[in-house]
Amino acid sequence: MNGLSLSELCCLFCCPPCPGRIAAKLAFLPPEATYSVVPEPEPGPSGAGAAPLGTLRASSGAPGRWKLHLTERADFQYSQRELDTIEVFPSKSARGNRVSCMYVRCVPGARYTVLFSHGNAVDLGQMSSFYIGLGSRLHCNIFYDYSGNGASAGRYGISPDSIILYGQSIGTVPTVDLASRYECAAVVLHSPFTSGMRVAFPDTRKTYCFDAFPNIEKVSKITSPVLIIHGTEDEVIDFSHGLALYERCPKAVEPLWVEGAGQYLERLRRFISQELPSQRA
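Numbering (our numbering), first residue to last: 1 to 281.
Please note that the accuracy of each hint is not assured.
Claimed, not checked - Below, simulated DSSO-like cross-link-like pairs (lysine-lysine); rule was C-alpha separation at most 30 Å, straight line:
1) K206 x K218
2) K92 x K218
3) K67 x K92
Said to hold, decoys possible - For each label pair, taking beta carbons as the anchor points, the in silico distance ranges come out as:
4) G157 x E259: 38 to 44 Å
5) V122 x Q263: 20 to 26 Å
6) S162 x A33: 30 to 36 Å
7) W257 x K67: 39 to 45 Å
8) N97 x S278: 35 to 41 Å
9) S79 x R280: 33 to 39 Å
10) K67 x P202: 17 to 23 Å
11) Y78 x K221: 34 to 40 Å
12) T223 x P90: 17 to 23 Å
13) S278 x S240: 38 to 44 Å
14) R137 x V99: 39 to 45 Å
Derived from the structure by calculation, the hints contain no laboratory data. We put the beta carbon where it would ideally sit given N, CA and C, even for glycine.
Produce the complete structure using the sequences and hints provided.
Shown next, in the form of structure tokens:
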């Protein structure tokens with residue numbers, strides 16, 4: 001019965017796991033923080049120079065300027081010049097949780113901005129070098145707002161038809177949810193999974209009401225072009241998940257089933273620079 005034993009079915013229906021338990025089984029513990037978002041020093045009185053060191057703008061006051069501080073564990077691969085191009089600010093999710101947002105201006109006048117939701121066991125500090133490299137190669141800017149609260153991008157005047165939603169691994173959950181409710185330029189699902197229950201219990205064949213991350217039920221509602229990328233030998237999220245989502249998604253373009261890492265950037269470039277403009281024409 002749906003690949004589950006009688007005892008497992010009894011447990012599911014008599015004591016179904018709450019979404020939080022499914023999430024805990026899917027997600028690693030967050031890494032030790034490799035970054036912090038700190039307010040910049042207040043200017044001195046009447047503009048007469050900077051305030052003394054340590055005089056910082058209160059985070060609970062009016063929006064001000066913030067800066068990204070990286071620890072050595074972030075392994076930042078660029079210079080201070082590139083670091084200074086990264087804009088950061090704190091925001092709040094719909095549930096009131098604090099979210100650190102990052103906007104990387106990789107290319108002046110870029111046509112698209114990628115709203116990126118990363119995978120497990122990394123944080124903004126560790127991803128910052130990757131964002132700069134990815135945006136530079138794809139000629140896109142990168143925006144990070146993990147809660148899926150895409151409205152934060154509004155402060156930069158970015159219209160939905162210029163936003164590419166990109167989710168990796170567990171980051172495909174907010175990406176699919178947002179894309180299923182709002183139209184955007186495009187969607188990229190990198191190593192996606194069909195649902196939380198199907199990862200925790202691989203023999204699951206249907207979506208239960210208590211499944212925390214039902215990507216398989218939402219992907220059919222996406223109206224934007226969708227590129228799915230998945231490794232054929234993925235040992236974390238089995239390749240069958242990517243294939244199932246591709247078959248369920250009505251707006252899917254030619255996928256990338258990765259056997260070698262060299263194909264990754266080339267397929268992304270072709271999708272953004274050639275296929276998207278032709279679909280919009």
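Right, here's what the structure says about each hint:
1. At roughly 14 Å between alpha-carbon atoms, K206 and K218 fall within 30 Å of each other, so this suggested pair holds.
2. At most 30 Å may separate the alpha-carbon atoms for a hinted pair to count; K92 and K218 meet this at roughly 25 Å.
3. As the CA atoms of K67 and K92 are separated by approximately 17 Å, the hinted pair is consistent with the 30 Å bound.
4. Separation of G157 from E259 is about 40 Å and conforms to the stated range, judged on CB atoms against 38 to 44 Å.
5. Checked against the hint of 20 to 26 Å, the pair V122 and Q263 passes, with Cβ atoms roughly 22 Å apart.
6. A C-beta distance of roughly 31 Å is found between S162 and A33, which places it inside the suggested range of 30 to 36 Å.
7. A hinted range of 39 to 45 Å holds for the C-beta pair W257 and K67, which are about 41 Å apart.
8. The hinted range of 35 to 41 Å is satisfied by N97 and S278, whose Cβ atoms lie roughly 39 Å apart.
9. Taken as a hint, the range 33 to 39 Å holds for the pair S79 and R280, whose Cβ atoms sit roughly 36 Å apart.
10. A hinted range of 17 to 23 Å is violated for the C-beta pair K67 and P202, which are about 44 Å apart.
11. The hinted range of 34 to 40 Å is satisfied by Y78 and K221, whose Cβ atoms lie roughly 38 Å apart.
12. Between T223 and P90 the beta carbons are some 32 Å apart, a value that contradicts the proposed interval 17 to 23 Å.
13. At about 30 Å, the beta-carbon gap between S278 and S240 misses the expected band of 38 to 44 Å.
14. Judged by the Cβ atoms, the range 39 to 45 Å given for R137 and V99 is violated: they are separated by roughly 26 Å.
Comparing the model with each earlier hint shows violations of hints 10, 12, 13, 14; every other hint is respected.
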